[in-house]
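Student: Read off the chains here:
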Amino acid sequence: MIDAAELKRRTAELLAAQPPATTDRLDFLRARFDAGLAWVHYPEGLGGLGAARSLQAVVDAELEAAGAPDNDPRRNGIGLGMAAPTILKYGTEEQKQRYLRPLWTGEEVWCQLFSEPGAGSDLAGLGTRAVREGDGDWVVNGQKVWTSSAHNARWAILIARTDPDVPKHAGITYFLCDMTDPGVDVRPLRQITGEAEFNEVFLTDVRIPDSRRLGAIGDGWKVAQTTLNNERVAIGGMRLPREGGMIGPVSKTWRERPELRTHDLHQRLLKLWVEAEVARLTGERLRQQLALGQPGPEGAGMKLAFARLNQEISGLEVELRGEEGLLYDDWTMRRPELVDFVGRDAGYRYLRSKGNSIEGGTSEVLLNIVAERVLGLPSEPRTDKDVAWKDLAR
Amino acid sequence: MSDLLYSEEEEALRSAVRDLLADHCDAPGVIARTESDAPHDLAAWKALTDGMGLAGLLVPEAQGGQGATHREVAVVLEELGRAVAPVPYLTSAVVATEALLELGDEALLAELAAGRRIGALAVALNVAAGGAYKVVRHEGGALHGELTGVADAAVADVLLVPADDGGLYAVDAADATVTPQVSFDLTRPLATVTLNGAPGRLLGDAEPAVRRALRTGAGLLASEQLGLADWVLTETVRYLKERKQFNRPVGGFQALKHRLAQLWLEVVNLRAAARNAADALTTGTDADVAVAVAQAYAAPVAVHAAEEALQLHAGIGMTWEHPIHLYLKRAKSDSIAYGTAGVHREALAGLVDLQAP
Ligand SMILES: Cc1cc2nc3c(=O)[nH]c(=O)nc-3n(C[C@H](O)[C@H](O)[C@H](O)COP(=O)(O)OP(=O)(O)OC[C@H]3O[C@@H](n4cnc5c(N)ncnc54)[C@H](O)[C@@H]3O)c2cc1C
Chain X
1 MIDAAELKRR TAELLAAQPP ATTDRLDFLR ARFDAGLAWV HYPEGLGGLG
51 AARSLQAVVD AELEAAGAPD NDPRRNGIGL GMAAPTILKY GTEEQKQRYL
101 RPLWTGEEVW CQLFSEPGAG SDLAGLGTRA VREGDGDWVV NGQKVWTSSA
151 HNARWAILIA RTDPDVPKHA GITYFLCDMT DPGVDVRPLR QITGEAEFNE
201 VFLTDVRIPD SRRLGAIGDG WKVAQTTLNN ERVAIGGMRL PREGGMIGPV
251 SKTWRERPEL RTHDLHQRLL KLWVEAEVAR LTGERLRQQL ALGQPGPEGA
301 GMKLAFARLN QEISGLEVEL RGEEGLLYDD WTMRRPELVD FVGRDAGYRY
351 LRSKGNSIEG GTSEVLLNIV AERVLGLPSE PRTDKDVAWK DLAR
Chain U
395 MSDLLYSEEE EALRSAVRDL LADHCDAPGV IARTESDAPH DLAAWKALTD
445 GMGLAGLLVP EAQGGQGATH REVAVVLEEL GRAVAPVPYL TSAVVATEAL
495 LELGDEALLA ELAAGRRIGA LAVALNVAAG GAYKVVRHEG GALHGELTGV
545 ADAAVADVLL VPADDGGLYA VDAADATVTP QVSFDLTRPL ATVTLNGAPG
595 RLLGDAEPAV RRALRTGAGL LASEQLGLAD WVLTETVRYL KERKQFNRPV
645 GGFQALKHRL AQLWLEVVNL RAAARNAADA LTTGTDADVA VAVAQAYAAP
695 VAVHAAEEAL QLHAGIGMTW EHPIHLYLKR AKSDSIAYGT AGVHREALAG
745 LVDLQAP
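Respectively, the protein sequence lines represent chains X and U. One point on numbering: in the working numbering, the residue at position 305 of the first sequence is 305, and numbering is uninterrupted. Every number in the working numbering is 394 more than the matching position in the second sequence, counting from 1.
The reader is advised that the hints may include incorrect statements.
Simulated pairs of lysine-lysine, DSSO-like, Cα-Cα distance not exceeding 30 Å [what the hints assert, rightly or not]:
hint, chain 1, residue 1, chain 2, residue 2
1, U, K638, U, K528
2, U, K638, X, K385
3, U, K723, U, K638
4, U, K723, U, K440
5, X, K96, X, K252
6, X, K385, U, K635
7, X, K271, U, K635
8, U, K440, X, K222
9, X, K222, X, K89
10, X, K89, X, K271
11, U, K635, U, K528
12, X, K271, U, K723
13, X, K271, X, K252
14, U, K440, U, K638
15, X, K89, X, K8
The following residues of chain U were derived to be distant from chain X, with all beta-carbon distances above 12 Å [unchecked claim]:
hint, residue
16, A441
17, E455
18, G461
19, G534
20, T586
21, L597
22, G645
23, D680
24, E740
Rather than coming from a laboratory, the hints here were simulated on the basis of the structure. All C-beta atoms, glycine included, are put in the ideal place defined by N, C-alpha and C.
Let the sequences and hints guide you as you build the complete structure.
Tutor: What follows is the structure in structure tokens.
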């Protein structure tokens with residue numbers, strides 16, 4: 001088994017062969033991937049070395065200290081957090097070879113074509129159709145919505161209905177969709193903040209070769225579970241310093257602007273400061289559990305806590321700013337590459353954080369998941385489980 | 395960063411304490427005892443101290459203790475909280491012991507560590523570290539005065555009494571009059587301590603000893619609150635899976651599922667906060683902030699958990715027979731003990747530079 005010392009040795013070797021100061025950024029990132037130092041816990045040849053997941057931190061620290069470029073992970077959150085683990089688990093050897101490297105280096109950004117106008121929380125109710133032509137290509141028709149980063153994405157993970165005659169969970173298949181193919185139409189969807197971070201995606205006779213199917217025909221729901229589970233824990237593993245989240249800017253404002261302070265806001269700020277610190281500690285606890293390979297169920301709760309805190313803290317900050325809180329920094333319609341919580345004003349943070357309790361599963365749906373999968377409480381009576389999708393009331 | 399997990403040894407300690415309490419401290423027994431003149435369970439105390447040596451966890455081996463740390467003590471307190479055990483562990487093995495550790499009275503420390511004697515710091519239970527506390531008069535070599543709200547004084551053999559000359563004195567309980575007060579928390583009862591010219595032995599300066607004792611008390615109380623909250627949540631989930639109304643288990647109604655999921659989230663967070671406080675007290679790093687954060691968070695969560703448990707058990711939860719009331723009373727009382735959440739938030743404001751207007 002590869003240990004920390006061995007990883008340090010290999011990192012030093014990489015740095016010697018590709019000195020960051022004189023190496024092109026992409027060349028460096030590709031070399032890092034090929035050396036197995038991208039995701040050390042991934043298999044050899046796929047960016048990893050089959051080492052313990054916890055040892056990634058060792059490599060990251062060495063590279064950061066040496067001034068090596070990173071792969072700008074925030075730009076490709078869906079690729080790194082969701083597409084990659086799903087491809088690793090369900091992809092063919094060929095698919096893994098084709099997609100993982102440019103995904104990790106950030107040369108190819110990914111998006112997620114899951115939600116539809118009629119299928120949000122009830123994702124398995126989706127209606128986008130994929131029909132196979134003989135033993136050849138799939139032809140896809142339908143509409144996806146709220147697709148983050150579709151305008152920057154080279155690839156998409158896509159789920160579509162391949163069999164309407166069976167119950168809804170059974171007739172779905174998972175595909176990798178080329179966003180540059182004819183028939184893929186991405187239209188900006190302006191949102192509450194003024195910008196268009198997400199999109200509508202219209203799919204009209206899009207041809208997807210069968211070689212871009214991920215997992216078996218009709219197994220799409222199971223494959224999607226891997227994506228969704230990874231989506232939910234992606235947040236909890238993050239390591240933050242004290243005041244590292246949204247509580248940071250508001251604490252700073254409080255310290256620097258005594259004229260804005262009121263007693264009511266002081267009480268609320270202290271309460272939220274404590275909750276943010278406790279949530280940070282819970283995240284740290286989760287990280288420590290993951291490092292020992294014994295993930296706890298805390299992950300499911302992290303997103304819930306994070307969403308509520310972001311909303312309450314940013315709401316408080318707007319109030320704290322008084323007259324300035326009546327203003328907004330910029331309503332220009334843009335198509336940003338990533339969510340910029342720190343680069344913008346409190347008003348933006350307040351509006352954007354409203355999405356934190358909706359994207360990636362609403363807080364209501366996550367509470368159901370905690371109640372049923374963590375606490376083992378009974379699920380709601382279901383009327384849609386055994387009925388063919390085409391016969392469901394719509 | 396502090397270690398927020400439990401070691402294998404800590405888990406082993408937990409199950410040993412849990413087994414012992416299962417034998418000694420079942421809920422009907424605790425309820426029956428609260429109705430007697432002797433609410434404390436001294437048999438359980440003897441088993442914990444004689445049998446397992448737990449009273450001496452914080453005391454170095456050279457001074458007759460077990461030489462363990464606040465992390466292990468926290469695990470013991472989690473289990474005591476789960477059982478609302480009426481034993482003077484927090485008061486004697488933690489608070490009084492910490493005061494003595496500060497002053498270095500080896501003989502008394504060794505007696506407390508061995509569980510041969512029970513100690514109580516004669517400061518009202520609601521006082522936070524750094525807060526004002528009542529003192530007695532030191533006059534002509536003897537102590538005079540009355541102190542109220544002293545937790546577990548009824549079973550204490552020795553009282554650590556602060557006096558107006560700034561000293562902390564050891565007073566034999568036989569030389570004081572200890573009168574039980576009618577307490578809200580029946581499992582950690584309070585008493586009045588009256589001294590009419592009682593002899594006291596000077597231990598040293600009261601201020602640093604009391605401060606240290608109360609800070610540790612507050613920090614580790616969070617673990618007791620965690621155990622309590624964990625028990626009421628687990629028990630409520632179990633009950634709601636069983637209890638049927640409208641022809642289905644009531645735990646299947648989403649309105650209740652969401653409340654329980656929310657509680658679970660609070661308990662998960664409390665675990666991280668309590669572990670962090672125990673670890674910080676052990677290492678001495680960042681302890682003031684860690685304790686303030688843990689207490690500011692723990693009290694509302696434990697009370698919320700117990701209140702939800704009562705509401706969701708409904709009629710049966712309102713009965714004297716069902717143990718939920720023991721937990722609610724302990725949780726509410728704990729929310730005042732060693733400083734309220736508000737007091738700890740105020741302390742935090744100074745510690746992290748978020749000053750009041
Ligand atoms: C900023 C942002 C980015 C997004 N990015 C993407 C993306 O990249 N790709 C993608 O595929 N999707 C994306 N989404 C879509 C997101 O996943 C869905 O919006 C979400 O799953 C909720 O679906 P919905 O909007 O249809 O709400 P609905 O499902 O219609 O919900 C309406 C309300 O009913 C509640 N509700 C629904 N079912 C239940 C239930 N069983 N119990 C209790 N309450 C329930 C919900 O919580 C909500 O309050 C994004 C959304 C946002 C806001």
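Student: Hints first: check each against the structure and report whether it holds.
Tutor: So, going through the hints one by one against the coordinates:
no.	hint	result
1	U/K638 <-> U/K528	52 Å, violated
2	U/K638 <-> X/K385	24 Å, holds
3	U/K723 <-> U/K638	28 Å, holds
4	U/K723 <-> U/K440	25 Å, holds
5	X/K96 <-> X/K252	45 Å, violated
6	X/K385 <-> U/K635	22 Å, holds
7	X/K271 <-> U/K635	33 Å, violated
8	U/K440 <-> X/K222	55 Å, violated
9	X/K222 <-> X/K89	11 Å, holds
10	X/K89 <-> X/K271	42 Å, violated
11	U/K635 <-> U/K528	49 Å, violated
12	X/K271 <-> U/K723	24 Å, holds
13	X/K271 <-> X/K252	16 Å, holds
14	U/K440 <-> U/K638	42 Å, violated
15	X/K89 <-> X/K8	28 Å, holds
16	A441	32 Å, holds
17	E455	29 Å, holds
18	G461	25 Å, holds
19	G534	47 Å, holds
20	T586	34 Å, holds
21	L597	35 Å, holds
22	G645	4 Å, violated
23	D680	9 Å, violated
24	E740	8 Å, violated
Violation of the numbered hints given earlier is confined to hints 1, 5, 7, 8, 10, 11, 14, 22, 23, 24; the remaining hints are satisfied by the structure.
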